[in-house]
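The listed protein sequences correspond, in order, to chains A, B and C. Heads up, the first sequence is in the working numbering, so the first residue is 599 and it goes up one at a time. Heads up, the second sequence is in the working numbering, so the first residue is 43 and it goes up one at a time. Heads up, the third sequence is in the working numbering, so the first residue is 34 and it goes up one at a time.
Note that these hints are calculated values from the structure, not bench results. In this text the structure is predicted, and so the values were computed from the model without any measurement. Please note that a few of the clues may not be correct.
[Stated by the list, open to error] Now the stretches of chain A that chain B is said to cover, found in silico as 3 or more residues with beta-carbon under 8 angstroms:
1) 697–706
2) 832–841
[Claimed, not checked] Only pairs whose alpha carbons sit at most 30 angstroms apart, straight line, appear in this in silico DSS-like list of lysine-lysine:
3) A:Lys728 to A:Lys663
4) C:Lys225 to A:Lys737
5) C:Lys175 to A:Lys742
6) A:Lys728 to A:Lys845
7) B:Lys99 to C:Lys175
8) A:Lys616 to A:Lys737
9) A:Lys742 to A:Lys663
10) C:Lys281 to C:Lys175
11) A:Lys828 to A:Lys793
12) A:Lys728 to A:Lys828
13) C:Lys175 to A:Lys793
14) A:Lys742 to A:Lys728
15) C:Lys225 to B:Lys71
16) A:Lys737 to A:Lys793
17) A:Lys837 to A:Lys793
18) A:Lys663 to C:Lys225
19) A:Lys616 to C:Lys281
20) A:Lys845 to A:Lys616
21) A:Lys616 to A:Lys828
22) C:Lys175 to A:Lys828
23) A:Lys728 to C:Lys225
Note that the Cβ used here is the ideal one computed from N, Cα and C, for glycine as well.
Here's the letter readout for the chains.
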Amino acid sequence: MAKQIEVAGLDAYYGSHKAIEGISMTIEPRSVTAFIGPSGCGKSTFLRTLNRMHEVIPGARVEGKVRLEEQDLYGADVDPVSVRRTIGMVFQRPNPFPTMSIFDNVAAGLRLNGRYSRSELEGIVEESLKGANLWNEVKDRLNKPGAGLSGGQQQRLCIARAIAVRPQVLLMDEPCSALDPISTLAIEDLISQLKLDYTIVIVTHNMQQAARVSDKTAFFNLAAQGQPGKLVEMDETSKIFTNPAEKATEDYITGRFG
Amino acid sequence: MTVHTGIHTRSAIKTRTGIQPISAARRAKDRLVQVLVYLAFALAVIPLLSLLWLVVKNGIGRFDMEFLTHSMRNIGARDAGGGAYHAIVGTLEQVLLASLIAVPIGLLTAVYLVEYGEGGRLSRTISFFVDVMTGVPSVVSGLFVLAFWILVLGMPFSGFAGALALSILMMPVVVRSAEEMLRLVPRELREASYALGVPKWRTIVKVVLPTAFTGIVTGVMLAVARVAGETAPLLLTVFITDSINVDPFDGPQMGLPLYVFDQAGRPTDTAINRAWTGALTLILIVMLLNLVARLITWWRSPARRR
Amino acid sequence: MRRSAFRRSRGDGPFRFASTGAGIVLLAIMAAIGVFLVVKAVPALQANTSRFLTELTWQPNATAPVFGIASLAFGTVLSSLLALLIATPVAVGVALFISHYAPRRLASVLGYVVDLLAAVPSVVYGLWGVTFLVPFMLGPSKFLNDYLGWIPLFGGDTVVGKSMLTASLVLAIMILPIIAAISREVFLQAPKMQEEAALALGATRWEMIRMSVLPFGRPGVISAAMLGLGRAMGETIAVALIFPATFKISFQILGPYGNSIAANIANGFGEATEVGRGALIASGLVLFLITLLVNMAARFVIARRKEYARAAA
Chain A
599 MAKQIEVAGL
609 DAYYGSHKAI
619 EGISMTIEPR
629 SVTAFIGPSG
639 CGKSTFLRTL
649 NRMHEVIPGA
659 RVEGKVRLEE
669 QDLYGADVDP
679 VSVRRTIGMV
689 FQRPNPFPTM
699 SIFDNVAAGL
709 RLNGRYSRSE
719 LEGIVEESLK
729 GANLWNEVKD
739 RLNKPGAGLS
749 GGQQQRLCIA
759 RAIAVRPQVL
769 LMDEPCSALD
779 PISTLAIEDL
789 ISQLKLDYTI
799 VIVTHNMQQA
809 ARVSDKTAFF
819 NLAAQGQPGK
829 LVEMDETSKI
839 FTNPAEKATE
849 DYITGRFG
Chain B
43 MTVHTGIHTR
53 SAIKTRTGIQ
63 PISAARRAKD
73 RLVQVLVYLA
83 FALAVIPLLS
93 LLWLVVKNGI
103 GRFDMEFLTH
113 SMRNIGARDA
123 GGGAYHAIVG
133 TLEQVLLASL
143 IAVPIGLLTA
153 VYLVEYGEGG
163 RLSRTISFFV
173 DVMTGVPSVV
183 SGLFVLAFWI
193 LVLGMPFSGF
203 AGALALSILM
213 MPVVVRSAEE
223 MLRLVPRELR
233 EASYALGVPK
243 WRTIVKVVLP
253 TAFTGIVTGV
263 MLAVARVAGE
273 TAPLLLTVFI
283 TDSINVDPFD
293 GPQMGLPLYV
303 FDQAGRPTDT
313 AINRAWTGAL
323 TLILIVMLLN
333 LVARLITWWR
343 SPARRR
Chain C
34 MRRSAFRRSR
44 GDGPFRFAST
54 GAGIVLLAIM
64 AAIGVFLVVK
74 AVPALQANTS
84 RFLTELTWQP
94 NATAPVFGIA
104 SLAFGTVLSS
114 LLALLIATPV
124 AVGVALFISH
134 YAPRRLASVL
144 GYVVDLLAAV
154 PSVVYGLWGV
164 TFLVPFMLGP
174 SKFLNDYLGW
184 IPLFGGDTVV
194 GKSMLTASLV
204 LAIMILPIIA
214 AISREVFLQA
224 PKMQEEAALA
234 LGATRWEMIR
244 MSVLPFGRPG
254 VISAAMLGLG
264 RAMGETIAVA
274 LIFPATFKIS
284 FQILGPYGNS
294 IAANIANGFG
304 EATEVGRGAL
314 IASGLVLFLI
324 TLLVNMAARF
334 VIARRKEYAR
344 AAA
């Protein structure tokens with residue numbers, strides 16, 4: 599079910615401000631692709647254009663093409679709702695639905711999409727929670743509110759919620775930036791397991807994290823404040839971190855700026 | 043770890059290929075709700091438009107100099123002519139007096155809640171009763187002034203009695219809006235003043251209140267607009283007269299809302315027309331107050347955004 | 034005691050005293066409202082030759098005064114509840130329209146338009162109601178009576194424009210802006226994070242609202258509705274012009290029945306004798322207590338909401 603994503607000449611705007619410009623890349627299926635770069639370089643914006651979450655912000659729009667296995671996500675007849683259904687997302691801060699139980703949080707996406715019997719739902723919820731390495735910690739309190747979990751558990755709950763609908767791609771926007779080191783490690787373990795089934799794209803500020811979990815790394819940068827962000831280079835993670843083609847990449851990775 | 047074995051055996055979900063459009067039922071429901079929401083807005087606006095249209099259409103005919111400069115003295119319900127001068131004068135005096143009472147008390151209470159209360163029991167009690175006071179029906183405030191001022195103390199019906207009733211309705215509004223504005227004043231500003239050795243009360247008077255000034259003025263104007271249209275409390279305290287009485291401290295007066303109520307209750311076309319014109323005048327005054335208050339807010343908003 | 038070099042500034046005491054005093058004046062006014070209403074109500078209640086709480090009629094000016102709150106309180110509660118029933122769904126729709134549906138540039142302007150509804154004085158609603166809505170409602174009322182007459186509310190042999198339904202409709206229009214304004218604020222505060230979570234799962238706009246906005250806003254809407262209820266109960270002049278001022282208990286909302294405590298005060302004050310005024314004050318005391326309860330309940334819900342919001346943050 600993992601799919602390849604192809605991006606060609608993509609620009610994204612907030613009102614009249616151009617946030618990213620001319621991005622083209624191919625994201626391979628069943629792999630982890632990391633986006634790195636200094637704050638404001640547009641890597642999160644770019645991530646959100648991949649499942650049409652960018653346009654949720656008033657005044658935001660996109661130009662260019664994003665293809666999921668030959669299907670243009672921005673085609674005239676494509677409903678953004680179904681795009682998001684197909685390409686799941688995990689956010690920077692864990693955002694479980696506070697009024698729902700753990701079970702209902704995981705089942706939320708499934709319930710939108712049709713009828714499942716209680717036993718089917720129970721099966722999928724259990725599998726998704728196991729898939730998010732959370733099952734053992736919550737199996738005795740599935741009916742308790744999701745907001746009662748720790749930050750790291752909440753984030754894994756959100757991952758379980760995202761994979762419960764069986765997306766073809768999983769986008770992660772700095773999923774560990776609000777978590778402590780132990781929770782971060784748990785999520786990183788999870789990512790390397792999930793990539794066997796999903797195409798994963800992760801935005802991270804953490805250089806070591808990108809090096810640890812990703813197969814490919816894309817470095818984004820911006821010429822100056824107020825200028826649009828651009829893709830500087832994208833390559834095998836090992837190459838980016840040892841022998842990047844661009845000087846800017848090397849400067850950023852070695853901590854000379856950003 | 044045996045994690046993804048589960049994912050592979052997941053049988054409940056059909057394997058999907060590509061982007062599946064969402065079901066027609068879901069799309070239809072989304073559309074239906076959208077239509078209902080737009081409809082709700084239309085439903086809310088239709089009465090407003092109908093009302094404003096009728097007020098303008100029926101009120102404009104008698105909106106003349108005679109209306110604005112004459113009273114109803116010696117004019118019967120059937121007679122043409124007559125005006126609301128006595129009512130306009132009465133309303134202005136009553137609202138002004140009400141503000142003179144309510145604004146200082148309201149403002150000082152807000153200062154207490156923000157600067158001195160420190161979340162103690164008294165400040166929590168006051169804060170709670172300010173909320174409760176917001177819900178006091180206007181007719182009850184009129185009854186209170188009737189019982190206390192007129193029946194127990196034996197004072198006459200007068201514009202001032204009406205102002206007392208209106209001030210009770212104004213106070214909680216002034217307190218709440220002023221409190222909100224005072225809380226917006228940054229802490230650093232106060233601390234900067236304290237650090238210079240300026241005593242607290244001078245800090246409040248010279249730093250905090252001036253910073254919050256425009257916001258407080260806006261709140262006061264909205265409070266004035268609210269009470270300027272009140273009828274029930276005036277009915278019980280100001281009573282009704284057809285003559286001009288410029289002394290708000292002695293004898294029955296008129297008020298514009300009372301005038302509308304009085305004329306609307308008389309079953310002739312000339313009286314009903316006067317009621318419409320009174321309504322038009324009243325709405326113009328209230329809308330003007332609202333508009334000025336909004337303009338003040340709008341005018342100062344760039345500074346607040348900083 | 035020796036004067037310290039660090040003594041308080043001379044102005045601080047008086048200023049603190051004045052502001053504390055103002056707060057206490059406010060409390061005193063609230064207490065005085067209760068006390069003086071009781072003081073003037075008691076003699077009239079003693080002169081009453083019937084039971085105040087159960088008597089239907091209102092003849093306090095007679096030589097043997099007979100008056101009771103029953104029919105008036107009934108009318109107050111029924112008309113306010115009907116108004117609430119009509120206004121709340123529309124107000125929630127309006128609030129959602131402004132918070133989540135209208136184009137962003139238009140939203141604040143349209144919000145202002147709805148706020149204007151609240152700025153219209155109640156006497157103007159009364160005038161509009163009695164000259165326009167009363168005759169206008171005759172047709173729809175007859176229709177309801179003809180086709181839905183088997184429902185007790187719409188039953189009865191006489192159908193008039195000056196009915197409980199028309200009065201409730203005017204009340205509904207008058208309390209709509211306050212319910213809409215509070216609901217709108219609550220909906221706008223709904224956490225963007227959860228809205229995005231719903232959208233990212235492939236929720237439509239309505240599904241997103243149902244999953245994240247409505248659960249968050251529900252307590253706020255409830256308290257807004259209760260504040261609206263309090264307003265409707267105390268509303269006087271508009272309904273005084275519309276109610277036919279009868280003293281009956283009837284659920285036939287299309288018939289020539291209907292009155293409320295507040296409307297009766299406005300209509301009865303002109304010719305009230307001393308006992309009559311006392312009787313009206315007694316009825317006002319009942320109104321004061323009812324609205325006090327409703328408002329305190331609404332505040333209680335709001336206070337709980339704050340805690341909930343804090344817990345969720």
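Hint numbers the structure violates, sorted upward?
1, 2, 3, 5, 6, 8, 9, 12, 13, 19, 22
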